[in-house]
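Enquirer: Going down the list, the sequences are from chains A and B. Using the working numbering, you'd call the opening residue of the first sequence number 333 and step up by one each time. Using the working numbering, you'd call the opening residue of the second sequence number 52 and step up by one each time.
Careful, some of the hints might be misleading.
Unchecked claim - Chain A stretches covered by chain B per the calculated footprint, using a threshold of three residues with CB under 8 Å from any CB of chain B:
{"id": "1", "segment": "474 to 480"}
{"id": "2", "segment": "655 to 661"}
What the hints assert, rightly or not - Under the rule of at most 27 Å between Cα atoms (straight-line distance), these lysine-lysine pairs were calculated in the BS3-like manner:
{"id": "3", "chain 1": "A", "residue 1": "K669", "chain 2": "B", "residue 2": "K166"}
{"id": "4", "chain 1": "B", "residue 1": "K363", "chain 2": "A", "residue 2": "K553"}
{"id": "5", "chain 1": "A", "residue 1": "K677", "chain 2": "A", "residue 2": "K615"}
{"id": "6", "chain 1": "A", "residue 1": "K669", "chain 2": "A", "residue 2": "K615"}
{"id": "7", "chain 1": "B", "residue 1": "K363", "chain 2": "A", "residue 2": "K676"}
{"id": "8", "chain 1": "B", "residue 1": "K247", "chain 2": "A", "residue 2": "K632"}
{"id": "9", "chain 1": "A", "residue 1": "K615", "chain 2": "B", "residue 2": "K247"}
{"id": "10", "chain 1": "A", "residue 1": "K553", "chain 2": "A", "residue 2": "K615"}
{"id": "11", "chain 1": "A", "residue 1": "K673", "chain 2": "B", "residue 2": "K58"}
{"id": "12", "chain 1": "A", "residue 1": "K541", "chain 2": "A", "residue 2": "K553"}
{"id": "13", "chain 1": "B", "residue 1": "K166", "chain 2": "B", "residue 2": "K58"}
{"id": "14", "chain 1": "A", "residue 1": "K669", "chain 2": "B", "residue 2": "K189"}
{"id": "15", "chain 1": "A", "residue 1": "K671", "chain 2": "B", "residue 2": "K258"}
{"id": "16", "chain 1": "A", "residue 1": "K643", "chain 2": "B", "residue 2": "K258"}
{"id": "17", "chain 1": "A", "residue 1": "K535", "chain 2": "A", "residue 2": "K553"}
Rather than coming from a laboratory, the hints here were simulated on the basis of the structure. Backbone N, C-alpha and C define an ideal beta-carbon position, used for all residues, glycine too.
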Amino acid sequence: MAEYKKSLVDTSRLVRDRTTKSRIVDFITRWEFIIFALIVFEVIVFSNLTPYFLDTFNLLNTTFNFSEKAILALPMIFIILCGDIDISVAAIIALSSFTMGFAAAHGAGTGTLIIVGLLSGLAAGLFNGVFVAILGMPSIAVTLATQSIFRGIPQAILEDQAYTHYPEGFGYFGQGYIGNSMLPFEFFLFLVLAVITGFVIHKTTYGRKLYAIGNSATASKFSGIPVRRIRMINFALTGLFAGIAAILLTSRIGSTRPNIALGYELEAITLVVLGGVSITGGKGNIFGVILAVFLLGYLKFGMALLNMSAKIMIITTGALLIVAVLIPEFISIRKKKNKLKKQKKDENTEEVA
Amino acid sequence: MKELLRKREFTLLVIIAFVLVLIVIRVPAFLEMENVLRIVNDTSILIMVSLGQLAIIVTGGIDLSVGSIIAFSGMAASMLNQYHPDISVFIVLLVGIGVGTGLGMFNALIIAFGKVPPIIATLGTLSVFRGFTFVLSKGQWVTAHEMTEKYMNLPHGHFLGLTNLIWFGIIVSLLMYGFMRYTRTGREVYAIGGNKTAALFVGVSEKKIQFVVYTLMGILAGLAGVMWTARFAAAVNETAIGFELQTVAACVLGGVSIAGGSGTVVGVVLGALFLGIITNALPVVKLSPFYQMGLQGVVVLGAMVVNSLSAKREEKRLLERRLD
C-alpha cells in the first residue's frame, strides 16, 4: 500500500517537472546570478557605510565565523538532493566535541583527538543511516530523535560542567593560518572540501545518481541505482563532515559544553536552500551554495561592523530564506501567465484566420 | 477484540501502563491523585500545541515555528498585562490568541499562496518571529511581580478540582477530536495528506486546507503562549526554544505518520502524556534531569522503529488477505 502510494506521489511530481522543465532550466541559470548580484549589492552598500568592510584582513578573518557552518552545508547538499534532511548535524558536533574532550581529559594527544573526533562523527552518521536507509524510516523524524540522543549523551555525563583542557597543538585547526599568510586554516579547508564536493556532485556518476534519487527514488531503484547504499553513504559523510566541523569548532573556542553548536543545523540547511537546492530534492548545484555562504557570512559581518544587534540579524536571515524561495515562485507564476496570454492570442489569431 | 489489539493507541496505552508499573514498583507514591494531576497539568500545553502539529503533519507539512509563536504571543500578552494591568485578563487572553493567530496566518499565507515548502517557510519564520520577540521586548523580561494576580490565575485557578490549564487542555482536545473526526474540513485534512492527487480530483482545495491548519496552529500556539507565560510567571525571550521538536516527538510517539495522511487525536494526547510521564518520573526515580534529553530521544526512536515494523507487518497482512 505504502509503495503504491509512494509511486503515485512520485508520478505526480514527474508530470509537474515535465511541464515546467524549461522553467527549471531558466531558474538554475538565473538563481546564482541573483545571489551574485545580491553579494555585489551587499559589498557596495557596506563599503560605502564603513571603511573597515573592504579590508583584506577583515574579510579573511571573518571567515572564522562561518567556516564550520559552511563545511556542514556541503554534505547537506547530498542529503537534500536525495530528498532527505538531517537535523542532527549540530548534535553530532556536540557528541564529537564531547568524545574529544573526554579523550583529551584522559591524556590523548592532538593526533588521537582528530581520529576520535572523525570516528565519532562517522559513527553517529552511520547510526542515522541505519534507520533512514536500511529501515526506511523518514529522515526528518529519525534525525529529530537522534539529535536528542547525540546531544543527550554529553548532557547526561557533562551536566553543567565543561571540558576546557586541550593539548597545545590542537588550537591550530580552529585558530591557525596557512603558513605566514592571512588565510585561516579553517577557511582553506572549507575551500578544499568545497572543490571536492563540487567535483563529486557534478562530475561523477555518484552525483548524477543523487539527482536521480531526488527526482524519483522508485524509478531510480528500478533502474538499478543502489538507493539504500547511496543514502547510507550520504548520512555517513554528513556525520564525518560534522566530525570535521567539531574538530574546528572545539579547537577554535577551546572548550566543550553540551550546548555547543546549538542551532547550527538550521544555519546549514538555510545555506543549502538559499543556495537554490530544492528541499524536495533533485534540483540545485554547488555554486549556489558557495555563493550563499559568502552572501550570508558577509551580510552578518557587515551588520556587525555597523553595530546592528543580533536580533536584526536573526530576522534578516529568516526573511532572506523565505524570500529566496518566494522569488522564483513569483517569477514562474508570471511566466506561466505570459505563456497563457500568448496561447490565447495565438488561438484568437487562428480563429480569425 | 483483534481490531482493538492492532490499534496504535492501544499499543501505546500498554507501553505507558508498563512504564507506569516499573515506576510505581520503585516509587509507589507516583500514582497518587495529586501527582497524576500534576503530570497532566505539566503536559497540557504540550498536548494543545501537539494537536495543532497533528493537523499539520497529517497534511504532510510541519511547523517548526511554534516555539517562536508561543514566545511572541506570550510576550505580547504579558506586556499588555504589565503596562495595562486594569484591562480584563480575558481580553489579554484574546489578544494573545489573536497575535498567535496572526503569526499562524502569516505562515499559512506563504505556504498556501507563496507555495513555499512548509519546512522552509517555518524554518524562516522560526528566526523571524523569535527576532521580533526580542524587538518587542527590547530584550527585557516580564517577571512575576510585573504581572497581575489575575493573569497568573489564568492557568493556576481551579474549577471543579482541576486547574484551568487542565480544563483548557481537555477542551482543546475535545474540540480537535470533533474537528478532525466529524467535520468536512477535518476529513479533507486527511484526504490531502493521504493521497493528494485523488483529493484534488474530488475537489478538495489544498490551499484552503493548508490555510486552515497553519492558522489553527497559530490559534493554539497563541493560547499556549499566554498559558506558558502565566504559568511560569515569566515572559522571557527564550520561551519555548526547541518546543517544536517536542511537539513533533509527541506526534511521532502517538503514531502520526510523518509522510502525512494518518494520525489520531487520541494517539497524540497519549504520546504527549507519555513524554510528560518520563519527564516527571526522572527526579522521582532519582535520575539526574540531565538524562531527560537523551532518554526522550531513545523513546521516540524506539517508538518509530516499532511503528515502522508494525506498518510493514500490516502491509504484508493486507497483501496476504488480497491473495487469498
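Enquirer: Hints first: check each against the structure and report whether it holds.
Expert: Here's how the hints hold up against the structure:
no.: 1; hint: 474 to 480; result: holds (count 6)
no.: 2; hint: 655 to 661; result: holds (count 3)
no.: 3; hint: A:K669 x B:K166; result: holds (16 Å)
no.: 4; hint: B:K363 x A:K553; result: holds (19 Å)
no.: 5; hint: A:K677 x A:K615; result: violated (33 Å)
no.: 6; hint: A:K669 x A:K615; result: holds (23 Å)
no.: 7; hint: B:K363 x A:K676; result: violated (50 Å)
no.: 8; hint: B:K247 x A:K632; result: violated (40 Å)
no.: 9; hint: A:K615 x B:K247; result: holds (22 Å)
no.: 10; hint: A:K553 x A:K615; result: holds (19 Å)
no.: 11; hint: A:K673 x B:K58; result: violated (53 Å)
no.: 12; hint: A:K541 x A:K553; result: holds (10 Å)
no.: 13; hint: B:K166 x B:K58; result: violated (35 Å)
no.: 14; hint: A:K669 x B:K189; result: violated (44 Å)
no.: 15; hint: A:K671 x B:K258; result: holds (23 Å)
no.: 16; hint: A:K643 x B:K258; result: violated (32 Å)
no.: 17; hint: A:K535 x A:K553; result: holds (21 Å)
Against the hints set out earlier in the document, violations occur for numbers 5, 7, 8, 11, 13, 14 and 16.
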